[in-house]
Amino acid sequence: QKEVEQNSGPLSVPEGAIASLNCTYSDRGSQSFFWYRQYSGKSPELIMFIYSNGDKEDGRFTAQLNKASQYVSLLIRDSQPSDSATYLCAVKERSNDYKLSFGAGTTVTVRA
Amino acid sequence: ETGVTQSPTHLIKTRGQQVTLRCSSQSGHNTVSWYQQALGQGPQFIFQYYREEENGRGNFPPRFSGLQFPNYSSELNVNALELDDSALYLCASSLDSVADTQYFGPGTRLTVL
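One line per chain: the protein sequences are A and B, in this order.
Those letters in the first sequence? Residues 1 to 112, by the numbering used here.
Those letters in the second sequence? Residues 1001 to 1113, by the numbering used here.
Calculated directly from the structure, the hints in this document are not laboratory data.
Do not take every clue at face value.
One side of the interface only, derived from the structure: several residues of chain A facing chain B at Cβ under 7 angstroms [to be verified]:
{"hint": "1", "residue": "17"}
{"hint": "2", "residue": "43"}
{"hint": "3", "residue": "44"}
Coverage of chain A stretches by chain B, computed from C-beta distances (three or more under 8 angstroms per stretch; other residues unrestricted) [claimed, not checked]:
{"hint": "4", "region": "45-56"}
{"hint": "5", "region": "91-104"}
Backbone N, C-alpha and C fix where the C-beta goes; we use that ideal spot for every residue, glycine too.
Kindly produce the complete structure, drawing on both the sequences and the hints.
Listed below in structure tokens is the structure:
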């Protein structure tokens, strides 16, 4: 079983819609959760992080964490063509707190 | 821009050769982590250097080795290159070994022929 799994995509949404991205993780001791955005040919860029159960909002982005279900999600509201990218979920485990474990990413395309 | 730089940008090598990739961390950061990202995959952790010592290692063979210098810049060395080593190599800088936020450099694209 992979440590971090994401819905494979690609995900295509119309401009202005909500894009919903999902991620599950296997280590129940995981303590920190991150969403990175990666444009084609570029390096990952941190969008936001979340530590506690519930929602965390930053502009058009909302991260949701449910530790009991080992599930973290990212919502992108009012999607724009510039949001077209691959979104990577990353997890930091308590036992290996020096490294990030990444999912394979979900590619989002926002249609104008 | 994260302030993390990597060189070279692109590199083409042949099987069996050796390669050295370089990374300069963000000012004030003493920790550098290296990741390998194959096409269509997420980054995979190779190892981390904290204050010139290897602080953790992922599931990579010993032919992947590294160094960190007193100015906290770092090198990744790969010996006996294999075709599967073709990937984007990412360096990430962080304030210290347990800091949550890691800032990625632009990466080095390595192609092994």
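ask   = Was the hint right that residue 43 of chain A lines chain B, CB cutoff 7 angstroms?
value = holds (4 angstroms)
inquiry  = Checking hints one by one. Is residue 44 of chain A an interface residue toward chain B, by the C-beta closer than 7 angstroms rule?
reply    = Since the shortest Cβ distance to chain B is 5 angstroms, the answer is holds.
ask   = Checking C-beta pairs, does the region 91-104 of chain A have three or more residues closer than 8 angstroms to chain B?
value = holds (count 10)
ask   = If you take the shortest Cβ to Cβ gap from residue 17 of chain A to chain B, is it below 7 angstroms?
value = violated (25 angstroms)
query = Do at least three Cβ atoms from the region 45-56 of chain A come closer than 8 angstroms to Cβ atoms of chain B?
reply = holds (count 3)
Consistency with the previously given hints fails for number 1 only.
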